[in-house]
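Now for the letters of each chain:
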Amino acid sequence: MSASAAPRLLWSWAGLPNVLLVVLPLAALSIQMRYRIPSRYVSGVLPWIGVALSALSLLFFLNRLMAHSGVGGLRTTAERFERWSFGASLVSFVLAFMAPAWLGSPGLFPILLWGAVGTASAALLVYACRVTATALSGSLTSSFRWLERATLLLVLVFVGHGAVTLVNGALDFSAPIEAKAQVVAIEGVEVDLGRFVAVSWADLRSWRAEGIERIFLLERERRRMWPGQAVLVSVHPGALGIPWVSRVIRDDEVYFRQILEVAPTATAPLKHLITFYLERQRWEDATAVAVEYLKRYPDDYGYIGDIAARLAAARRTKETLALLESFEKVIEERPSYPEVQQQLHQLRQQLGQPELVATPTRSAL
Amino acid sequence: MLAWVLAYQHVKRMDGVWFQPSPAGAWALAQYLAGDYVGAARAYRTHYREAVASGWSSGDPALDALLAGDLDRAASAARTGTSGERGFLLTMGDIALERGRPDEAMTFLRQALQRAPDDAEALLLASLAHARADAPGEAIVDLTHALRQSAIGARVTIFLRILETTGELARRQGAGRQPCLLAHYHRYLAVFDASNGRRAIGYAEQAIRAADRPADAYLVRGILLDRQGQRDRALEAFLKALEIDPRHAEAYRWATFIYSERGDLRNEYRIARAAFDAAPTDSFYLDHLDHVLMERLGDPNGVIAVMQRVVEVDPDNVRAHDRLGYAWGFIGDQARSMSHYQQAIRLEPANATLHEGLGRALHRLHRTDEALAAYRRAAEIAPRRYQPHTGLASVYHDGRRYREAIAEYETAVRLGEPAPGTQAALCAAYHAVSELPRAVDCLERRR
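These protein sequences, in sequence, are chains R and V. Residue numbers for the first sequence follow the numbering used here, beginning at 1325 and rising by one. Residue numbers for the second sequence follow the numbering used here, beginning at 14 and rising by one.
Distance ranges between label pairs, derived from CB positions: (1) V/Arg99 <-> R/Trp1426: 33 to 41 angstroms; (2) R/Thr1641 <-> V/Gln241: 55 to 63 angstroms; (3) V/Leu360 <-> R/Thr1641: 49 to 57 angstroms.
Treat the hints as calculated values from the structure; they're not laboratory data. Even for Gly, the Cβ is constructed at its ideal location relative to N, Cα and C.
Isolated chain R (complex conformation) (with noise of 0.2 angstroms):
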């Protein structure tokens, strides 16, 4: 054996081309669902991809089986394999039906018919496999490796593909902008990459011009989105300068405000909402909402007197002072609640401005 054919048989004998093929085109496609690059191409390769590996499996098996020296030893032993394990299953299932009312067992019929069916199975797989490398013959062995050479240059494209998407994303340090958008259509394949792996994708209107703009979808983005949904997508610049995705997200703005256009007196909403613009620093957008909520629900003093606190703690003066000045005509409205009075006193201390913490105090009295 030469020097050179050694590396090769190993990596022929290890089974690594097989390995690879299941391997890389699931790491392309997992590195491109992680960096999404907007693209109306690659969702439309993605099935000619699964169609492309199954063949090429096939294909490295067949040209092997053909180039196999000692193959017709090895077709006697499958044909014997056949015969037997195919007259066993018969055996077996006829005997599921049987054995149980003979014997009295009832919890023979399970394992008997399960015993029927994986053999005869297996009987079935080896026979598949021996007929179609009978069929084949020497004539057709080069087409074949031709056949393959081109498949697997589609494979290749494809986890090159991923490849630069990777470098795009994983070396792209900077924060990404959120950008509105609008779900126009979703969809989605069932890819066989080895095992079957269920893609989905949607179209977008698009965030930076007229048009759209496809990405894959994770699939719990997949399981919470539906057409006409406002969403907030986070793009990122690109070490490549190829903008790329890492989230897409409900806009929960547009969301809850729809929610309480039909549900106007309901909590959650609201309060989600304030939770919304806090969260963004959107002060004044937050005390807007906080006092729309204390005008329907003056009684819930304490959820106000947090989000009250939180403006305070955020050092946003008059923001927290226009949420003061709500609450205090619901105290002068409802004088019995001492909480709130100490509620506020503490909040107006914390402002710094006690000079008007006994207003409130001498208004209730």
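On the provided structure of chain R, position chain V as indicated by the hints.
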């Protein structure tokens, strides 16, 4: 090879009910797989007849006699049996169907349904009786009602009878075929073998083309598409059903499931509300709307609006008064809350949760003695509930009656009170009576 893989995939998803260990069972399976449902049902009956003759039992002597084909023995076993009045009525309905007397079957089944309107087995038998009496509309209504329940019962005679009826309907030609009813029975059979789902969709599409109850047909189509994971197409079907029949409460309900899974609360609420408007007296839709309003939207005003409508239609609806009591209490109107709890208690005095609600409202109104009495009554009715004791403890605590509060807190915790706040209040009560070692020990346990 491909055929084998497909056959294996098919068999793997079938319920155990199709596989009966006897030659008759094997023949029944073969006939079923060949598409002969009538032949399969008869062969399964042979299997069960032989099984009962050789000593097998379903656990119900009346059902065993029915499976053995001895209708007189089944009737006498049902009269003297242990399965109660429900079992008697169902068996008599089953026997009447076996004798080809659907009207007689309906008299028994109506009685069963008066006692329990959501009894899935009674509804399925009623559906079969209507189908036998050539009343497909009623058969569909009862079947749809039965399949709303999470469990559809284990009475094997129902399964066999539906299998047989489905086969008989499928053999008919022309207008007598009733594709919508066929789609519904295949929906039932799809519970036991998913492959019937495809047939159900096929029949539903035939029904839509033939204008045979198209709204119901769209509903079946949507349900089966939903089971196949095609949620968007399923939703389209439900919305189509609603376009045809805007008062189809069940189509609304299925649409809300999809909106709920998506997290589309706006449409979930809108559609749940429409389901309630379509069937305001059906507690099934009311419960869902109540859940959406209170748990998802946090909308006590919405709950009040809905429940007041229920009370207008049905002034003795205990659940509506209960929810009104809760919602008014949540908003802060304790007087109204108390009034609704009192009305609910008048209608259902042995319901402990109503007394607890009343106790809560009275406590907030500072009517301490009455609140204590309400909580004590709740504890008498349900001695294993911790809630009345937590309520009693909080009333005592607010009245600075710490010793009594401690006793009630301890009982609540012993009965399983999970709220950390209660445990903290117990520690505070120990501290208030200067039982400092117990207070420290209590706080240590809370860490």
